[in-house]
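> Each chain, letter by letter, is given below.
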Amino acid sequence: MAALLEAIELTRYFDMGRKQRVHAVEQLSLSIAEKEIVGLVGESGSGKSTLGKTIVGLLDKTSGSVKFRGETLPQKYAPADFQRLATKMQMIFQDPYSSLNPRMTVGEIIAEGLRLHSDKKAPEIKETVADWLLKVGLQANHMSRYPHEFSGGQRQRIGIARAMILGPEFVVCDEPISALDVSVQAQVINLLRELKETMGLTLLFIAHDLSMVRYVSDRMAVMYLGSLVEIGKADEVYFDPRHPYTEILIGSNPEPDPELERSRPSTAIQGEIPSPVNVPEGCRFASRCPRVMEVCRHTTPELLPLKDVDRQVACHLYT
Amino acid sequence: MSQVAVNLQKSPTLLEVKNLAVEFDTYGGTVQAVRGVNFTIEQGKTLAIVGESGCGKSVTVQAMMGLIPMPPGRITSGSARLRGVEVLGRNTIDGREIRGAEIGMIFQDPMTSLNPTMTIGDQIAEPLQVHRGYSHRRAFDEAIQLLELSKIPEAAKRARQYPFEYSGGMLQRAMIAMAIACKPSILIADEPTTALDVTIQAQILDLLNDLQKETGMAIILITHDLGVVARMADEVAVMYAGKIVEHGSVDDIFYRSAHPYMLGLRAAMPTNDPSLQHELQPIAGSPPDLFSPPPGCGYCARCPYAMQVCGSAHPEDYFVGETHFSRCWLHHPDSTLKPDELYFGNMD
Numbered sequence: 006m007a008a009l010l011e012a013i014e015l016t017r018y019f020d021m022g023r024k025q026r027v028h029a030v031e032q033l034s035l036s037i038a039e040k041e042i043v044g045l046v047g048e049s050g051s052g053k054s055t056l057g058k059t060i061v062g063l064l065d066k067t068s069g070s071v072k073f074r075g076e077t078l079p080q081k082y083a084p085a086d087f088q089r090l091a092t093k094m095q096m097i098f099q100d101p102y103s104s105l106n107p108r109m110t111v112g113e114i115i116a117e118g119l120r121l122h123s124d125k126k127a128p129e130i131k132e133t134v135a136d137w138l139l140k141v142g143l144q145a146n147h148m149s150r151y152p153h154e155f156s157g158g159q160r161q162r163i164g165i166a167r168a169m170i171l172g173p174e175f176v177v178c179d180e181p182i183s184a185l186d187v188s189v190q191a192q193v194i195n196l197l198r199e200l201k202e203t204m205g206l207t208l209l210f211i212a213h214d215l216s217m218v219r220y221v222s223d224r225m226a227v228m229y230l231g232s233l234v235e236i237g238k239a240d241e242v243y244f245d246p247r248h249p250y251t252e253i254l255i256g257s258n259p260e261p262d263p264e265l266e267r268s269r270p271s272t273a274i275q276g277e278i279p280s281p282v283n284v285p286e287g288c289r290f291a292s293r294c295p296r297v298m299e300v301c302r303h304t305t306p307e308l309l310p311l312k313d314v315d316r317q318v319a320c321h322l323y324t
Numbered sequence: 051m052s053q054v055a056v057n058l059q060k061s062p063t064l065l066e067v068k069n070l071a072v073e074f075d076t077y078g079g080t081v082q083a084v085r086g087v088n089f090t091i092e093q094g095k096t097l098a099i100v101g102e103s104g105c106g107k108s109v110t111v112q113a114m115m116g117l118i119p120m121p122p123g124r125i126t127s128g129s130a131r132l133r134g135v136e137v138l139g140r141n142t143i144d145g146r147e148i149r150g151a152e153i154g155m156i157f158q159d160p161m162t163s164l165n166p167t168m169t170i171g172d173q174i175a176e177p178l179q180v181h182r183g184y185s186h187r188r189a190f191d192e193a194i195q196l197l198e199l200s201k202i203p204e205a206a207k208r209a210r211q212y213p214f215e216y217s218g219g220m221l222q223r224a225m226i227a228m229a230i231a232c233k234p235s236i237l238i239a240d241e242p243t244t245a246l247d248v249t250i251q252a253q254i255l256d257l258l259n260d261l262q263k264e265t266g267m268a269i270i271l272i273t274h275d276l277g278v279v280a281r282m283a284d285e286v287a288v289m290y291a292g293k294i295v296e297h298g299s300v301d302d303i304f305y306r307s308a309h310p311y312m313l314g315l316r317a318a319m320p321t322n323d324p325s326l327q328h329e330l331q332p333i334a335g336s337p338p339d340l341f342s343p344p345p346g347c348g349y350c351a352r353c354p355y356a357m358q359v360c361g362s363a364h365p366e367d368y369f370v371g372e373t374h375f376s377r378c379w380l381h382h383p384d385s386t387l388k389p390d391e392l393y394f395g396n397m398d
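Sequence lines, in order, name chains A and B. Under the working numbering, the first residue of the first sequence carries the number 6, and numbering increases by one thereafter. Under the working numbering, the first residue of the second sequence carries the number 51, and numbering increases by one thereafter.
Where hints are given, some of them may not hold.
[Unchecked claim] Coverage of chain B stretches by chain A, computed from C-beta distances (three or more under 8 Å per stretch; other residues unrestricted):
| no. | stretch |
| --- | --- |
| 1 | 250-264 |
| 2 | 267-280 |
| 3 | 297-309 |
| 4 | 332-340 |
Simulated from the structure, these hints should not be mistaken for laboratory data. Think of the CB as a built atom: it goes at the ideal place given N, C-alpha and C, for glycine as much as any other residue.
Make the full structure from the sequences, and use the hints.
Right, dumping it as C-alpha cells:
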C-alpha cells in the first residue's frame with residue numbers, strides 16, 4: 006500500500022507560560038494510503054484537530070515530520086510552502102459559521118484559492134467557481150451573495166467547494182458535519198464521498214459521531230490525549246474494539262435502536278479526560294482504565310500490531 | 051374522522067398540553083414557531099421531543115416554563131395543565147412556584163447558563179432560599195448533598211468553586227443538581243448532552259435515569275439525537291415545522307415509523323446493524339419558512355409521497371397503532387396507500 010501521507014513521530018506542544026505545556030499531539034505516527042478515508046475519533050481535548058492542522062501545516066510541528074508522496078515537508082511553513090502545497094492539501098473546517106469571511110461574497114471566497122494559486126484569468130475563474138457551486142448543489146447565481154444568506158448545510162458546502170477547487174489530493178475534514186442537522190449531514194457526507202470517487206481524494210475525516218465515521222471511513226483511528234490508541238479497519242474496530250478505551254467509547258455511543266439500548270449494560274466510564282498539561286508517565290489512559298495494571302502506570306505502551314487481527318493497539322494487555 | 055386522536059393516555063396524566071401555539075414578532079414579520087402542539091406526560095415517564103433545529107421543540111417547553119420573552123413572543127392559543135391546573139401565564143400553583151419548584155429545567159450549554167460570578171454552591175442554594183425560604187447556611191448544606199447526589203466528587207470543596215473551575219460534564223451535573231433542588235415533578239432537559247462527548251453523555255444520561263428512579267419525576271427530553279432517544283425515552287413526539295407529526299411509544303417510533311419525515315430521518319442516518327446497511331439518503335430541500343407556513347402539511351415540499359391534498363389541507367392525527375399516531379394524509383382512513391407499505395427497515 007503506497008502511503009500518500011505519513012506522519013512520523015509527530016509532536017505538537019503549546020506553551021502556556023509558567024513552564025506549563027499542553028501536550029496536544031505526542032509522538033504520533035500515522036500513514037494514510039492513497040484514496041483512503043481515515044476516520045479519526047476521540048473525545049474533545051484528545052488532539053484531533055491539532056493533529057489535522059499540524060498535518061496540513063496550519064500549525065508548526067514541535068518535532069517529528071510529515072511526508073507527502075515521499076517528500077518531507079518543512080517543520081514550519083514559509084509563505085512559499087503554503088503557495089506550493091495549497092494545491093495538494095486542503096482543509097474543511099468544523100464551524101461553517103465562523104470559517105467563512107462575512108465580508109466576502111461566496112464567489113470571492115471560493116475563487117480565492119484559484120486567484121492565488123493558478124494563472125487563470127478572471128473570466129475563467131468565474132466559470133470554474135460557477136461549476137463548483139453546481140457540483141456542491143448550489144446555484145451559479147449564488148456567487149454574488151454573502152455567507153450570512155445561507156443555511157449551515159449550504160455554508161458547509163461552500164467550505165467544501167473552497168477546499169476542492171484547487172483539486173487537492175489530500176483533504177483534512179475537521180468535524181464537517183457536527184454543526185448540521187441529521188437530514189443535512191447525509192447531504193454533506195454523500196457529497197464528500199462522491200467527490201472522493203470522482204477526484205480520487207484521500208481524506209482524514211475527524212469527527213466524534215462514531216456511527217458516521219464507521220459508515221464513511223476505510224480505517225478508523227482512535228485518539229486519546231495526543232496519541233493513537235487503536236487503528237484498524239473501520240468496521241472491525243467498531244464491532245470488535247480491542248483497546249479498553251475504544252471499547253468504552255463505542256459502548257457509550259447510543260444506537261437508534263431501543264431494544265438494543267435496553268439490553269445494553271451501562272458502560273459509562275468514570276471520570277473525564279485528564280488535562281493534557283504535564284501529562285503523567287505511563288499509559289495516558291491508566292487513570293480511567295477499568296483494566297489497569299501496575300505496568301501501565303510507569304511504561305508507555307507502543308502502538309503495535311495484534312497477532313490475530315489486522316489492527317494496531319497501544320495497550321499493555323496485548324504485549 | 052373517527053380515528054382522529056383526541057387523547058392518547060387513559061391513565062392519570064401529570065401534564066397535559068393542548069393546542070399550544072406560539073408566535074414571535076420580528077422585523078421580517080411574524081414567525082409561527084409552534085403551531086398547535088398536543089401531548090401528555092405521566093409521572094415517572096420520559097417523553098422525548100425530537101426534531102431538527104428550528105422545529106419549535108425548545109419554544110414549546112419554554113412556553114410552559116414562562117420563559118418566552120413577551121414581547122416579541124406571544125402564546126396565541128392553548129393550555130398546559132399540570133395535575134389539572136393551568137400553568138400558562140401563571141407563576142404559582144397553590145403557592146408553589148411553577149418555574150424551578152414544580153418544573154425544573156436544564157439547558158444545552160451549561161457554560162453560559164450558569165452565573166460566572168457566583169460559586170456553584172450558592173447558585174444551587176438560591177432556588178432553595180427563594181422557593182423554600184431556607185437560610186443560606188441550610189441551603190448551602192443541602193446544595194452539597196445535591197452535588198453528591200449528582201455524583202460530583204469532593205462535593206463540599208466543589209461547592210465553593212466557580213463555574214470556570216468545572217469541566218463541561220461537571221457543569222451539567224451541577225445544573226442537574228440545581229434543577230432538582232426543589233424536587234420538581236417534571237424535569238425538562240433541553241439538549242442536555244449535545245455539547246458533551248459520548249463518554250460524558252453516557253454518564254449524564256445514566257445520572258438522569260438514576261434520579262428519575264429515585265424521585266419518580268417525569269422527564270421531558272428535547273434532543274435531535276435518535277440514539278439518545280432510544281436510550282432514554284418511553285414515549286417520543288416527533289416535531290416538524292412547529293407541529294408534532296408523529297407520536298407513540300419508543301418502539302412504535304423506531305420499529306413502526308409511520309410519518310414520512312421519520313422514515314426520511316432514519317434513511318439519512320447510518321445504521322450499525324450489519325443486516326440493515328443502506329446508502330445514506332438525504333432529505334432533499336429544507337424546512338418550510340415559518341413566516342408564512344404552507345397551507346397544508348409542513349413536510350409536503352420534501353416528502354417523496356406527497357399527494358395533491360398534502361399541499362392544500364392540514365392533515366389531522368390519524369392512529370396507526372393503539373397509542374401511535376401520525377399526522378399525515380397517507381394514514382387517513384380513506385388513503386389508498388396502506389401505512390405498512392411505507393415502513394422502512396421494519397425489524398419485527
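> Each of the hints needs a verdict: does it hold here or not?
Consistency of the hints with the structure:
| no. | hint | in the structure |
| --- | --- | --- |
| 1 | 250-264 | holds (count 6) |
| 2 | 267-280 | holds (count 7) |
| 3 | 297-309 | holds (count 4) |
| 4 | 332-340 | holds (count 3) |
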